[in-house]
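S.K.: Residues per chain are reported as follows:
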Amino acid sequence: MRRDASPQPWEARVNYAFDFEPVWRGLPDLLLGCIGTLGLALGGMVIAIVIGIGGVVLRDSRFRPLRWLVMAFVEAIRNTPFLVQIYFIFFALPLAGVKLSPTLTAVIALGVNGGAYAIEIIRGGVESINKGQIETGLALGLHKSEVFRFIVLKPALRAIYPSLTSQFVFLTLTTSIASAVSAYELTYVAKRIESDSFRSFEVYGTVMLMYLVMSWLIMLILNSFSARYFNYPVK
Amino acid sequence: MGKGEYLFLLKGLQWTLILSAAGFVCGMLGGLAAALVRTSGKQYLERLAAAYIGLFQGTPLLLQLFVVYYGLALYGIRLDAWVAVSIGFTLHASAYLGEIWRGAIEAVPRGQTEAALALGLGYMSRMRDIILPQALRISLPATIGFLVQLIKGTSLAAFVGFTELSRAGSMVSNQIFKPLIVFGIVGAMYFAICWPLSLLGARLERQFAASAR
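Here the protein sequences line up with chains E and Y, keeping their order.
Number 46 in this note's numbering belongs to position 24 of the first sequence; there are no gaps in the numbering.
Number 577 in this note's numbering belongs to position 60 of the second sequence; there are no gaps in the numbering.
There could be a bad hint or two in this list.
[To be verified] Quick partial rundown of chain Y residues pointing at chain E, CB under 7 Å, derived from the structure:
#1 Leu591
#2 Leu636
#3 Leu638
#4 Tyr640
#5 Phe700
Calculated directly from the structure, the hints in this document are not laboratory data.
Beta carbons are placed, not taken as given, at the ideal position from N, Cα and C, and that holds for glycine.
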């Protein structure tokens, strides 16, 4: 089974001369693509966290079918490829009467995908809270909202922060797949430059390094944030 | 969806399984090497392995496939498309498994290494008989988790025109104009393979957690 659309890449090119000129010329477009990628990831992550919190609440609901629905959603998303999910959503939304641009469709698909993982992460955080501490807080005369803020929310956030950070990086990498529905992001821009110039290796090599820099920057920023806000002692 | 379409999807499924198996088996060899180099104690070697792992964990699998696929072509290496893609998955899997197993090797209590050294065991015997069997046990849930991730990842071979399950799905969907049904079935096929593995991984994790207590 071989590629059929574009020319066969498997021809001997022993004396290949690298040419980064198309990459250089396309640099402004590529940088815009980086912004597109970060936007997709950020939008997807916001939706994912909303789904994650909602999912955890529904998961503890007394209405059993609702609990099963949440669990089925988590398992279905976590055990199928994102490519299939984005295709499905891409074709399902117009049938449901929702007409969105490919980029917005990709944000929703990323959010749905990330949401399933966020449910698991947030559930872990909620379960990590010691019930005795809540009772202690109430017994010490703290208001319910204070108990929630200082005894439930902040420790839970700290517990899940590292997982959410790596989930965000992973989501950023996943955005490259959104080029399948021609959402505006870095890989989509790269594909356009590649098909104009046929400098596949140079273009994709450069873009791969751009992703590397982006995931480093995200890690750096999010880790320095957590060092500032979650810096109280553990025990 | 007629019989012909189902058979076409099953053919795609077969290629998905072949790609996953090739990437995972070769990736286990590469991952073992990466994990051993990463824990070798030689600083420059450890840095080299860390850089390799960091590169593949910090970039999208799709771009890795592109670079390997078009990069091999540059050097005039003539390969079947499925071999070229498998090399991409192998490099990807080697980095992830290398990182998982590095963690597992470091999670084996230090006393085990010290006892083996005190008994005069050489590096090979120490690793093969003492450290790696314990590390394997520790790493099993995460390894299975990564296998699921890899099986899902093989769908990206569709981007370089390789007809595995996802691309077979797109082709059928373009022919019969029933994308929801086709991608629903394709999703169900992936689910049928990945879910049992996920359940197995979760069960092993619970068992280990219980026995560690």
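S.K.: Run every hint past the structure and note whether it holds.
M.R.: Hints versus structure:
no., hint, result
1, Leu591, "holds, 5 Å"
2, Leu636, "violated, 37 Å"
3, Leu638, "violated, 36 Å"
4, Tyr640, "violated, 33 Å"
5, Phe700, "holds, 4 Å"
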